[in-house]
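Peer 1: Top line first, the protein sequences correspond to chains A and B.
If you read the first sequence in the numbering used here, its first letter stands for residue 49, the second for the next number, and so on.
If you read the second sequence in the numbering used here, its first letter stands for residue -5, the second for the next number, and so on.
Keep in mind that a hint or two might mislead.
[Claimed, not checked] Here are the simulated DSSO-like pairs of lysine-lysine, each with C-alpha atoms no more than 30 Å apart in a straight line: (1) K250/B with K134/B; (2) K320/B with K41/B; (3) K250/B with K358/B; (4) K230/B with K96/B; (5) K90/B with K250/B; (6) K250/B with K67/A; (7) K230/B with K182/A; (8) K320/B with K176/A; (9) K320/B with K181/A; (10) K227/B with K274/B; (11) K320/B with K137/B; (12) K134/B with K358/B; (13) K250/B with K230/B; (14) K72/A with K320/B; (15) K176/A with K189/A.
[Stated by the list, open to error] Facing chain B, from chain A, some residues (calculated, C-beta under 7 Å): (16) D117; (17) R143; (18) N155.
Hint data in this document are derived by calculation from the structure and do not stem from the laboratory.
Even glycine gets a Cβ: it sits at the ideal position worked out from N, Cα and C.
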Amino acid sequence: MAAALVDNKSQPHIVIDVKGAVKKYGEGAASIYALAGVDLQIAAGEYVAIMGPSGSGKSTLMNIMGALDNMTAGSYFLDGIEVSSMDENALSVVRGRKIGFIFQSFNLIPRTTALANVELPLAYQGIKSAERKKRALAALKVVGLEDRVTHEPTELSGGQQQRVAVARALATRPALLLADEPTGALDSKSTEDLLDLFDQINHAGRTVVVITHEADVAARAKRVLRMKDGKIISDTLNPARMVSA
Amino acid sequence: MNIFEIIRFALRGLTINRLRTFLTTLGIMIGVSSVIILTAVGNGSSKAVQDSLDRLGTNSIQVRSGNLGFGPRAQAVSNNTTPLTILDAVALNDPKQVPSVKQSAPVANANSTCVNGSSTSTPSTFSGTWPAYFEASNTKVAKGNYFSTDDVDQGRRLAVIGTTTATELFGTDNPINQVIRCSGIPFTVIGVTEVKGSTGFQDGDSLFIAPITAVENSITGYQPLSSIIVEAKSSKLTDQAQAEIQTVLDARHRVKSSTSRDYRLFNQASLLATSSSSSKVFTVLLAAVAGISLLVGGIGITNIMLVTVIERTREIGIRKAIGAPKGVILSQFLIEATILSLVGGALGVVAGFIGSHFTIVGVKPVIMPSSVFLAFGVSVLIGLFFGSYPASRAASLRPIEALRHE
C-alpha cells in the first residue's frame, strides 16, 4: 500500500484538501483562534494521526474535516467537492456518504441493536431494507461482531461498542474514516484490537485519520501531524510503519 | 428515505421511554374523553329537560285555580275564589273568543286505587277529562283506542292507562278490554299510552285517564275542576292564546285587575325556554372545563417533546453526523408528537364513548358528534402545533453543538 502511495506521488487522489483554514471564536480583542491558518492535504489510502495537546485545535480541525462545523475562513475540498460553501442538506449528504465517524464515546444510538445502529446511516441514504441488512452484517463481520448483531449498546463492552461504531462508519463505504480519540475510553487490550482493525481497514485501501494524544496510537499511523495553538507544527512520515506495511 | 422508515424511527423513539409515552397519551386521552363526556352530560341533561317538556306538550297551557301558586296559602286563597268549571272549559273552546286556541279540556283529578283481581295500583295521575286532553297534553295511545266525545257524553266508564299502571295491574297480560275496579267502580280499559318516562317528580306512566263524566259520576262527585288544559294552535301562538284565555276568564270570573286573578296560567313553552337556556349554560361551562383539560394535555405534549429533544440532543447530533437530513429529523419528531396525540385522541374517543354509557349524576349522557370530531381534531392539531416547535428546534441543531451536549 505504502509502495503504491509512493508510486502515485506524482498524481495522488486527494481526499482532503484544506487551505488556509481559520476558526475564530468570539469577536474583537476577546477572540480566540482555534485554527490559525491550516493547510492540509491527505491522499487516498493514507493513515494519518493528528496529535497535539488539548486546545491545540486538533478537534476543531477534525470537526471541519467531518463537515460538522464551519470555518471562519478558508476552503475545504472533500473528495474533490467544495464543502465550505454547502447548505445544510448537502452537508448531511456529504456526512452520510463521504465520511465515517468514530468518536471517543462511541456515540451509538441507545436502546438500539448493533445491527440497527450500523444500518442507520444506510437508512438515511435511502438504501432498501434487504440491501441495508446485507451491508450492515458484512460490516459487523469485518469488525468481528457477527455474533453480537442483536445486542444493544448497554449489553456490549466498550471495545465491542467501539467496533460497532467502526462497522457503522464502514457500512457506507466512505472516502474517509475519521476517528476522534477512538481509544480514549478503551482498555489496553481493546485499544490493541481497535488499532489492529484500523490497520486492516487501511490495508484494504480506506483513508484513515485518527486524532489522538496517545503516542502509541499515533505510532501505528503512517503519517503523523503535530498541532499546537491552531497550527500544524510538524508533518512527518512514520518510517517504521512504512517498512512494516 | 421513505415515510414508513421515518414512522418506524418515530415509533422506536416512542417505545424507548414507555412510561413517558404512556403518561403523555394518558393526558391527551383524559382531555379528549372529558370533552366528549362532559359535553355529553350537558347535552344529555338539556335533552332530558327537552324530552320531559316535549312530553308535556310545548303548545299546552295549564289553567289552575288560585293565584299564589302551590301550598297551603294558595289553598286558603282558592277558597274565596270562583272555581274553574266545565263552562270555563267550554268557553275556552269557543273559536270566536279564543281564536289562537286549538282545543281545551277540563281535568278533574282524584286519588283512587285500582284493583284487578289481587293486583292493585294507585296511579299518580288519575284524571277525568275530555278526548282533547290527549292531544293537548301530548299523551298518545300506543295500544287500543282513545275514548270519544260520545263516551264522555254518555258517561261510559272507559279508561286509558299508562304502562306502569298496566304492568302493576296486568303484568304481561294484555289489559285491553279488561275490567278494573277503581274505588270500587268498574272501568273497562280501552287503551294503553306510550311510554312517557319520568318527569322528575313523578312517574309519567303511572296514569289513569277516563271520561270526566264517568269520574265525576262515580268517584269525585261534581267538584270544581283541578285544571283546564289548553292547546294553542302552535307554539308561536302560546303567548297570544294566553292573552285570549286571560280575557275570557277575567270576564267570566269578574276579575278587576291583573293582580287579583283567581287562576294561574302555566305555559310549558316558557318553562322550556328557561330550562333549556340554563342547561345550555351548563353545557358551555362543562365544555369550557373540558377544553381546558384538553389544552393542558396539549401543553403536556409540548413539554414532553421539549424534554425529549433536550434529552436526545446528543442522539440528534449522532444522527446528523452519520448523515440524517434535517427533514428526516424534523419529520421523526413531528410524527412522534402526532402519534402521541393521535393515539391519545383515539383512546380518548373510545373512553368517551364508554364513559357516556354510564349515568352520571342522574343524567344519561348523549354524545354530541360535533364534540367527538372537535376534541379529536383539536388533539391532533395540538400535537402538530405544539410538537412542531420542539421538532424544528431538534432539526435545526448544529451537529457539533448537539454532539457536545451531555
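Peer 1: Determine for every hint whether it applies to the structure shown.
Peer 2: Results of checking the hints against the structure:
{"no.": "1", "hint": "K250/B with K134/B", "result": "39 Å, violated"}
{"no.": "2", "hint": "K320/B with K41/B", "result": "52 Å, violated"}
{"no.": "3", "hint": "K250/B with K358/B", "result": "48 Å, violated"}
{"no.": "4", "hint": "K230/B with K96/B", "result": "13 Å, holds"}
{"no.": "5", "hint": "K90/B with K250/B", "result": "23 Å, holds"}
{"no.": "6", "hint": "K250/B with K67/A", "result": "112 Å, violated"}
{"no.": "7", "hint": "K230/B with K182/A", "result": "80 Å, violated"}
{"no.": "8", "hint": "K320/B with K176/A", "result": "20 Å, holds"}
{"no.": "9", "hint": "K320/B with K181/A", "result": "24 Å, holds"}
{"no.": "10", "hint": "K227/B with K274/B", "result": "27 Å, holds"}
{"no.": "11", "hint": "K320/B with K137/B", "result": "73 Å, violated"}
{"no.": "12", "hint": "K134/B with K358/B", "result": "24 Å, holds"}
{"no.": "13", "hint": "K250/B with K230/B", "result": "28 Å, holds"}
{"no.": "14", "hint": "K72/A with K320/B", "result": "26 Å, holds"}
{"no.": "15", "hint": "K176/A with K189/A", "result": "20 Å, holds"}
{"no.": "16", "hint": "D117", "result": "4 Å, holds"}
{"no.": "17", "hint": "R143", "result": "5 Å, holds"}
{"no.": "18", "hint": "N155", "result": "5 Å, holds"}
Checked against the numbered hints above, the structure breaks hints 1, 2, 3, 6, 7 and 11 and satisfies the rest.
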